[in-house]
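*Asks:* Using the sequences and the accompanying hints, generate a full structural model.
Taken in order, these protein sequences are the chains called A and B.
The numbering of the first sequence is my numbering, which starts it at 284 and goes up by one.
The numbering of the second sequence is my numbering, which starts it at 5 and goes up by one.
There may be inaccurate statements among the hints.
[Claimed, not checked] Residues of chain A clear of chain B, computed beta-carbon distances all greater than 12 Å:
#1 Val348
#2 Asn471
#3 Ala477
#4 Val498
#5 Asp517
#6 Phe520
#7 Leu551
#8 Gln576
#9 Ser588
#10 Tyr656
#11 Val660
#12 Thr666
#13 Thr673
#14 Arg711
#15 Phe727
[To be verified] Here are some chain A residues pointing at chain B (derived, C-beta under 7 Å):
#16 Glu301
#17 Arg309
#18 His312
#19 Asn326
#20 Thr443
#21 Gly444
#22 Glu473
#23 Arg603
#24 Glu604
#25 Arg610
#26 Gly620
#27 Pro622
#28 Ile623
#29 Cys710
The hints are simulated quantities; they were obtained by calculation from the structure and are not laboratory data.
Fair warning: this is a prediction, and the values are worked out from it, not measured in the lab.
We put the CB at the ideal spot given by N, CA and C, even for glycine.
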Amino acid sequence: MSSLWQQCVARLEGELSEQQINTWIRPLHAIEDPDALRLLAPNRFVLDWVRDHFFQRIVSVLNDVNGLSERRVLLEVGSTRPMAGRPLTAMVTPTTVMATDAPVGKPTTSLLHTTNGLNPNFTFDNFVEGKSNQLARAASLQVASNVGQAYNPLFIYGGTGLGKTHLMHAIGNEILTRQPQAKVVYLNSERFVADMIKALQHNVIEDFKRHYRSVDALLIDDIQFFAGKERSQDEFFHTFNALIESQQQVILTCDRYPKEVEGLEDRLKSRFGWGLTVAIDPPELETRVAILQSKAEQAGFELPSEVAFFIAKRIRSHVRELEGALRRVFANSQFTGRPITLDFAKEALKDLLALQEKLVTIDNIQKTVAEYYKIRVADLHSTRRSRSITRPRQTAMALAKELTNHSLPEIGQAFGGRDHTTVLHACRKIAELREADARINEDFINLLRVLSN
Amino acid sequence: MAEQLALDVGLREGMSFASFLVGDNAAAVETVRLLGKGGGERQVCLWGGAESGKTHLLHAACAEAAAQGLRASYLPLDTLAALGPALLEGLEQLDLVCLDDVQEVAGDEAWERALFDCINRLRAGHTRLLLAARQAPAGLDIRLPDLASRLVWGPVFQLHALDDAQKCAALGLRAGLRGFELPREVCEHLLRTHARNLSYLMSVLERLDAASLAAQRRITLPFLRQILSGED
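*Replies:* What follows is the structure, encoded as structure tokens:
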């Protein structure tokens, strides 16, 4: 921060509320040029607000501080970083305030991201493999070593926070390791849509098309956000076709099976199935433990395995929550200087786990399961033994055993006063069925996800 | 919100770490302090009821960041959400983003998308994120699973409101920053006989300070009674 600007902020701190300072003044980045002081706002919104409410005052304080007679004050949207957005400029002089929408420089270069969007920290080396993701990982490795040849497109789907994005970045990074000259672009579908809209607004849609059709590998994350956006889907459809035709690699992720995305055109759905579609399931216990240990190692912390098991047993929703809980334990350990033991971890995660237990009750499980299978909660308590009722009842019992700390007799009691052996039988039956029947396994995983989120 | 605003604009010591009574929130405060300095965690989420200190800590983190020459932004979504999610654009250019009252945008499709996209952009760069909400992330009515999972990406801390003894200590701390001592019996009397919310107590402290300066008198129990009876 420039010293002139620092003096100005110090003066403003005495005049404005903390909220005004922290919301509008501190986000500004000051650059002192010989003939101008440029104030960069992170977005148009901050720029407008500062211009309307504080600009006159800023200019007069700057005049006071420095006798700013010759130097102009410019208020712009922009940054000094390479990922800068379009430099919308508001030109301001000490006496006049004038905002213009005129883009500065060549708009295409600032519109299209100059970096490949890849995070170098996501690699195959630090991707923890388990039963739940081994197919997706193997397919990803294939694609990385045979770009455009193996599976095209590669479509990875699964719930949030299970490692789709990690795999995608790993593919991109691996391609670049093998072929440093390759042009790889990673972006979220939200960004694709936003960039396309900007390109349309600035009349540079042809550049946009050329840019995305010139890549060796296009990696688009979370394509479910294309749903309902017809213009973007249309644009993407043509880009997709052009890439596939010339054997350039396309890799896509989605939170569900492509055919299940509502609001996505059928022609896209069918094309997504041209290559290979692989699922990532929530990691099972051993994989969750391995993930925790890998993250601990990366962060330079010692994580005893009993602590890893303790966290992994209680947090089963997704990897981000696992990581969040682990970071919480680390933060407490760092702050207190105490080593990470089982008791320490229990104490650090006390409020988080108490909250979770409050959310997952047998009642809640019964309600959720009944809704899922479109039956009544009373059916779960009843003595009816038709399969359409028995299966959900067994599923609910197995979930209750998995997600709560209730004893088997307690669970039996909560299901119309059944014996604990019935609960035990239900749990075994469901485990068996999950191995044999993909549909039942998927139902179980869906319910687990809903209940533990 | 009106109560919190009173706390915001009224007190000249500001919402810094120095004026924050840690109480039972030591781990959270230290983690946020480190985050403000540009170290430690990438993302922290704080939650707790009214007057548990969320807003204070977010402002303190911004001030800490500014002291390190970092760019920070404090965005209270209870007042700013109405202006639209475009507010989140370009925040990846900053070093620290503090989003207060996240519960205000839960359930709003456009906002949830924008926040999801914003967290992705912050993560792709170097920007740290400090979130605060009334409820724990799991208790917020977030519809977008992709956003819900991102809210718990870093450590989540519940902030515990101060008990009476800690409120006395907080008043004492504030008085100390102003260069006077608040006798214990004055504090206890206040808590016994008046509303016990912190913003009200701080406003009484403010009045006492001004009155004692004006009257050139020390703050004593009789003086407190006189001031409060004069205003009632």
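*Asks:* None of the hints should be skipped; say for each whether it holds.
*Replies:* Structure-based check of each hint:
1. Val348: The assertion about A/Val348 holds, with a minimum of 18 Å to chain B.
2. Asn471: Nearest chain B Cβ is 6 Å from A/Asn471, so the label is violated.
3. Ala477: At roughly 8 Å from the nearest Cβ of chain B, A/Ala477 sits no farther out than 12 Å, so the non-interface label is violated.
4. Val498: 18 Å, holds
5. Asp517: The claim holds: A/Asp517 sits with its nearest Cβ about 20 Å from chain B, beyond 12 Å.
6. Phe520: 22 Å, holds
7. Leu551: 20 Å, holds
8. Gln576: Label holds. Min Cβ-Cβ 18 Å, cutoff 12 Å.
9. Ser588: A/Ser588 clear of chain B: closest Cβ-Cβ about 21 Å, beyond 12 Å.
10. Tyr656: Fine: 21 Å to the nearest Cβ keeps A/Tyr656 off the interface.
11. Val660: At roughly 23 Å from the nearest Cβ of chain B, A/Val660 sits farther out than 12 Å, so the non-interface label holds.
12. Thr666: Consistent with the label, A/Thr666 stays out of reach of chain B, its closest Cβ about 35 Å off (over 12 Å).
13. Thr673: Its Cβ never comes within 12 Å of chain B, the nearest being 30 Å, so this holds.
14. Arg711: 31 Å, holds
15. Phe727: 18 Å, holds
16. Glu301: 5 Å, holds
17. Arg309: 5 Å, holds
18. His312: Holds, about 6 Å.
19. Asn326: 4 Å, holds
20. Thr443: 4 Å, holds
21. Gly444: 4 Å, holds
22. Glu473: Status holds, d = 5 Å.
23. Arg603: With a minimum Cβ separation of about 5 Å from chain B (threshold 7 Å), the hint on A/Arg603 holds.
24. Glu604: 5 Å, holds
25. Arg610: 4 Å, holds
26. Gly620: 11 Å, violated
27. Pro622: 15 Å, violated
28. Ile623: 14 Å, violated
29. Cys710: 26 Å, violated
Hint check: violations occur at hints 2, 3, 26, 27, 28 and 29; the rest are consistent with the structure.
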